[in-house]
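Visitor: Residues per chain are reported as follows:
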Amino acid sequence: MARRISFLLNGELVEMEVEDHWTLLHLLREELGLTGTKEGCGSGECGACTVLVDGMAVNSCLFLAADVDGKEVLTIEGLAAPDGTLHPLQRAFIENGAIQCGFCTPGMILSAKALLDENPNPTEEEIRHALAGNLCRCTGYLQIFRAVADAARRISQEPIEVFPRRTD
Amino acid sequence: MRRFQYLIPRTLDEAVSIVESYGERAKYIAGGTDLLVKIKEGKLRPDYLVSLKRIPGLDDVKWQGSTQSETRIGALVTHRKLELSPVTRWHYPIIHDAVSNIGSVQIRNVATIGGNLVNAVPSADGAIPLVALDARVRIHGPKGEREMELLHFFLGPGQTVLERGEVLTEIIIPPRNSRSGGAYIKFGRREAMELPIVGVGVVVELEAEGDVCARAAIALGVAAPTPMRAFQAEKFLEGKEINEKTLDEAGRIAAEESKVRDSVRGAAWYRRELVRVLVKRMGLKALERAKKAEG
Amino acid sequence: MEELCVVGKPIPKLDAVDKATGRALYIHDIRIPGMLYGKILYSKYPHARIAHIDVSKAKKLPGVRAVLTAEDIPPFKFGFYKDNTPLKGGKVRSYRDEVAAVAAIDPDIAQEALDLIQVHYEALPAVFDPEEAMKEGAPLVHEENRSNILKLPWKMHFGDVEEARRKAKYVVEDRLRVTWVTHCCMATSGCIAMFDASKNLTVYSNTQIPSLAQRDYLEALEAMGLKGKRVRIIKACIGGAFGSKLDTYPYEYIAILLAHATGKPVRIVFDRKEEFVATSGRQPAIIDISQGCDENGRLLFRDVRMILDNGAYTSWGATTPSVMMMPISSLYRVPNVRYEAICVYTNNTYSQAMRGYGNPQATFAIESSMDRLAQEMGMDRVEFRLLNANGPGEVTSQGFRITTCGLKECIEEVRRRLDWGGPKEKGEGVGIACLIHVGGGARVYKSDGCGTIMKMDDFGKVDVFTGATDMGQGADTVIAQVVAEELGVRIEDVKVIHTDTDVCPWDVGAHASRTTFVACNSALGAARKIKERLLELASRQMGEPPEMLSIKDGEVFCKDDPEKRLEIGKILRKAHFSQGGQMLMADFFYDPANENLDKSFRGNLSMTYTFGAHGVRVKVDEETGKVKVLKYVAAHDVGRAINPLLLEGQVYGGALMGIGYALTEQLILEKGEVMNPNFRDYKILTAKDAVPIETYIVETMDKDGPFGAKGIGEPGCVPTAPAIANAIWDAVGVRLRELPMTPERVLAAIKEKRANSG
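Protein chains in written order, with my numbering: chain A, 1 to 168; chain B, 1 to 295; chain C, 1 to 758.
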């Protein structure tokens with residue numbers, strides 16, 4: 001069974017037909033070719049597939065595509081500005097050594113974004129709590145915590161950039 | 001994933017009638033984080049998934065100003081909403097203890113308290129604090145509405161009293177006196193993403209003055225096929241001063257009462273030890289919170 | 001010390017931008033037109049005869065392009081012991097045996113086809129305990145052998161252990177056990193195999209051993225009647241390795257066979273359950289160890305015997321003893337050492353390389369035993385280790401020639417930071433454990449070399465084609481750093497290509513923490529040639545002798561008169577666009593001057609060795625057995641930190657992996673079946689469990705290392721388990737001899753101690 005949905009994806013309006021049994025992860029990776037979001041386990045236990053839906057971090061492997069109808073979705077591909085300027089989180093992750101093999105990185109960055117959007121000045125405890133659902137095997141997490149704290153500082157020091165969003 | 005049709009009714013009656021007509025081939029879906037995993041693993045093969053998410057009125061927290069009044073939690077309230085709600089943070093910290101550690105933020109943003117109860121997994125972190133609070137549940141079905149005690153809602157691992165077409169709609173927390181407090185702990189090998197080896201929730205209501213216990217509730221998870229209460233341990237505490245000594249004994253009795261098993265996650269003897277120790281610790285924490293309670 | 005521009009700086013990993021923006025392509029992200037999806041059917045029994053396989057229904061399913069069983073493929077054996085086949089015929093020997101494979105136009109159809117394949121098994125008696133499997137009359141896993149004990153030569157004896165035992169004043173004996181743990185790379189395994197019109201093979205792969213994998217595939221092609229064809233391996237971005245990609249797996253051969261059968265590219269990607277069940281993790285072991293010292297505390301002997309559960313087929317797990325010999329013979333000064341390891345077939349899963357390659361297992365035993373020996377003689381555990389610590393310039397009983405060695409400094413630093421001997425609260429304890437590891441390559445194969453081809457273009461930009469592999473640890477970046485430093489160019493102008501065997505030279509593989517040492521030395525060799533020729537060209541154009549010239553920031557300038565300078569690009573364009581034009585290219589094959597071990601396992605395995613010490617302060621909850629790490633110090637002698645940012649990442653990551661090994665991780669097998677093939681029940685540590693690790697780096701400036709550097713990829717996870725075990729002992733007086741040290745085991749030990757002391 002298919003249905004028509006429309007949703008905002010990385011700031012752009014998307015209208016398309018989706019199959020009922022598709023997950024949001026499948027929609028992004030297989031139908032829309034946005035392979036930045038990764039599948040690590042398929043059962044909501046690793047967080048590699050994390051995307052933001054209406055600003056909330058969700059495991060896209062357990063989110064039905066049909067349920068994004070009328071919502072806003074942000075994937076890793078939509079985080080940098082259209083002109084390529086990296087988001088402070090991306091810059092902080094890169095500069096703090098928080099990326100090794102990189103497979104957990106998209107999900108990790110988006111979970112961190114959801115945290116900072118809600119809590120611009122988190123403690124380390126709060127950072128750990130927010131990232132508890134994003135597994136990383138390479139880094140031991142410490143440089144990731146530094147990166148998130150670093151990004152928080154950068155964001156608070158920089159003028160708030162609202163990347164232009166097109167809405168029809 | 002195996003194909004299914006996804007139906008999104010706008011009223012409860014619509015949902016119920018769909019499930020009634022498709023029978024075994026249809027399943028309700030709330031957050032979906034448990035259900036979709038089971039479908040992916042081939043453990044469930046529904047042809048129809050009936051969403052409860054767009055039915056209005058199921059995702060409110062109805063707080064009436066104090067714990068001395070009834071509080072109602074809609075079944076479709078997400079764990080995250082409960083985690084962030086001032087109602088749980090300040091007035092039902094035992095619930096906050098539990099929901100803030102279920103899965104991850106990603107899971108909690110989507111998974112609902114109702115879904116957690118209806119899945120009836122023995123570890124149910126959602127269930128134990130509510131069972132300790134003497135919660136009741138409201139059920140809506142083809143034959144109308146009914147209410148019952150949450151403790152009796154569970155029949156076995158993965159099994160509840162829900163009959164075909166029935167939907168859990170609301171959780172009702174009865175009033176308690178102004179000097180009450182509760183605490184919950186989930187014990188596991190690591191600090192997050194854990195299914196507990198045991199879960200222990202304790203609620204105490206104190207007499208008007210001092211540390212004497214008027215009523216106590218001790219709820220245990222993974223200590224039996226379904227969430228259980230350690231009634232004998234509770235009875236022991238009634239009328240006594242709550243302190244390390246009495247809680248020690250209560251823990252011992254609760255451990256005896258429990259029906260722990262060996263499993264991949266832990267041996268029975270160890271679970272019994274944990275019940276004994278954690279009942280004491282949660283009892284002390286509940287006592288502390290009861291004395292600080294604003295009511 | 002010389003002033004360096006790029007080396008020693010915390011430069012972010014060169015591919016981090018791609019990874020942070022979702023551009024990096026892993027196997028899972030690659031799509032090739034016409035690509036089919038392969039899936040594998042695994043055994044339903046740990047040990048059984050395959051009576052009959054019926055694939056007729058699967059073949060008829062619309063969308064299925066090929067179904068293969070052992071009957072459809074040429075007989076072909078692979079693996080270290082040549083006892084493995086891509087698809088199993090005749091019988092299955094473990095739950096992870098591959099029985100059939102399907103290629104279809106989409107993964108769901110492939111899965112459906114698997115469900116339609118009917119296999120009739122006749123169950124055979126199985127054996128899951130290696131000690132049982134050693135006995136006469138035990139079910140034979142491979143019937144062509146007369147026993148389940150593999151014919152392997154793991155025996156060494158230097159000095160005279162029995163005599164030393166007689167002379168020793170203090171002796172301790174222990175039996176310890178370590179079990180299966182697994183890599184848990186965040187990206188699951190996978191590859192894409194495709195043939196061109198002439199039947200040359202290309203494989204998109206995650207391998208850590210591109211050159212050796214190429215050879216493995218060539219052997220397969222030969223068996224398939226395709227001798228003389230070419231193999232090209234293209235590496236996608238690797239989502240974690242830690243040794244898991246050090247051997248060639250059955251699924252890779254299956255992908256090749258399916259690609260051949262269908263004439264189309266075939267992709268096989270594991271799901272997470274398959275990753276737990278069908279990849280090979282760390283080698284388990286039953287370890288018997290005894291050590292003795294004289295009345296002054298000097299170690300006299302170390303005697304170790306191990307039984308290794310080899311599982312049903314043989315991969316690198318069976319060779320871990322060759323590396324375990326290293327700490328056994330050379331961690332601390334021990335004049336008399338003896339070691340024997342027996343590998344036994346069982347119907348369990350089988351192991352291969354995992355970060356440390358046997359060193360963590362052996363060090364758990366050695367350092368637990370060292371603690372016990374110190375206690376036995378009443379000496380402080382740090383003093384005991386300092387007394388026996390290795391020093392620079394020594395030769396160990398196995399013939400390892402230690403050059404640089406910062407072990408004592410590491411131990412002292414750990415002692416200081418842990419406040420050793422200071423006040424402790426109830427339930428608190430401190431522990432220390434040290435490590436030795438190869439740091440200058442490891443000659444475990446006929447060659448330990450790495451090749452580099454380098455070219456500098458008309459604009460001064462450098463391309464480095466290396467045989468090395470980056471799997472997230474930062475090989476790409478450190479190679480670029482040493483090249484940029486040597487050539488005097490900016491790091492932005494250096495590109496490292498390591499992803500294509502058609503272009504990149506030979507390298508034995510990313511293992512033994514050898515990449516920085518060997519690949520950077522190789523790159524330096526090529527860079528020096530380029531520099532020499534560049535200075536020659538500059539000299540002619542600038543009218544100065546080459547020794548008067550220097551290069552910095554992409555410009556050649558005169559040392560005496562820095563205003564006299566020329567941009568590299570200008571020099572090269574002039575040299576190129578003239579009569580008898582030249583371009584700048586160089587190659588270099590660096591094969592370190594280490595030695596293959598001789599028949600008695602004596603030899604200088606590596607050109608240099610790394611050392612380190614980990615110290616930990618724990619708090620043990622005596623009522624629940626839970627162990628909390630309060631402080632963790634990781635001190636490492638790394639020669640030189642070429643990139644402190646990436647080096648820290650290796651230590652943090654390695655240490656946390658090791659802490660998981662110590663406390664929480666366990667692949668639980670029951671009668672050969674993995675009971676926890678998911679992240680819910682296999683406990684790798686989460687962000688909430690992360691332990692703040694203090695690192696301390698000792699730079700001993702090794703003369704053979706590139707800019708003085710030694711390896712660091714593995715050492716971080718080697719001494720973690722014994723450091724924690726030793727701290728638990730200090731905290732609550734119980735000695736845990738089995739990993740993981742779960743709260744349940746700790747509490748059981750505490751209760752037993754209480755019961756025994758009355």
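These aren't lab readings, by the way, just hints derived from the structure by calculation.
Here the structure is a predicted model, which means the values were calculated and not measured.
Be careful, since some hints might not be right.
Stated by the list, open to error - Once the Cα atoms are required to be at most 25 angstroms apart in a straight line, the calculated DSS-like pairs of lysine-lysine come out as:
| no. | chain 1 | residue 1 | chain 2 | residue 2 |
| --- | --- | --- | --- | --- |
| 1 | C | Lys688 | C | Lys631 |
| 2 | B | Lys259 | C | Lys631 |
| 3 | C | Lys59 | B | Lys40 |
Visitor: Hint by hint, say whether it matches the structure.
Guide: Here is how each hint holds up against the structure:
1. C:Lys688 to C:Lys631: Measuring from Cα to Cα gives roughly 15 angstroms; hence the hint holds.
2. B:Lys259 to C:Lys631: violated (38 angstroms)
3. C:Lys59 to B:Lys40: holds (24 angstroms)
Going through the hint list in order, the structure does not satisfy hint 2, though it satisfies all others.
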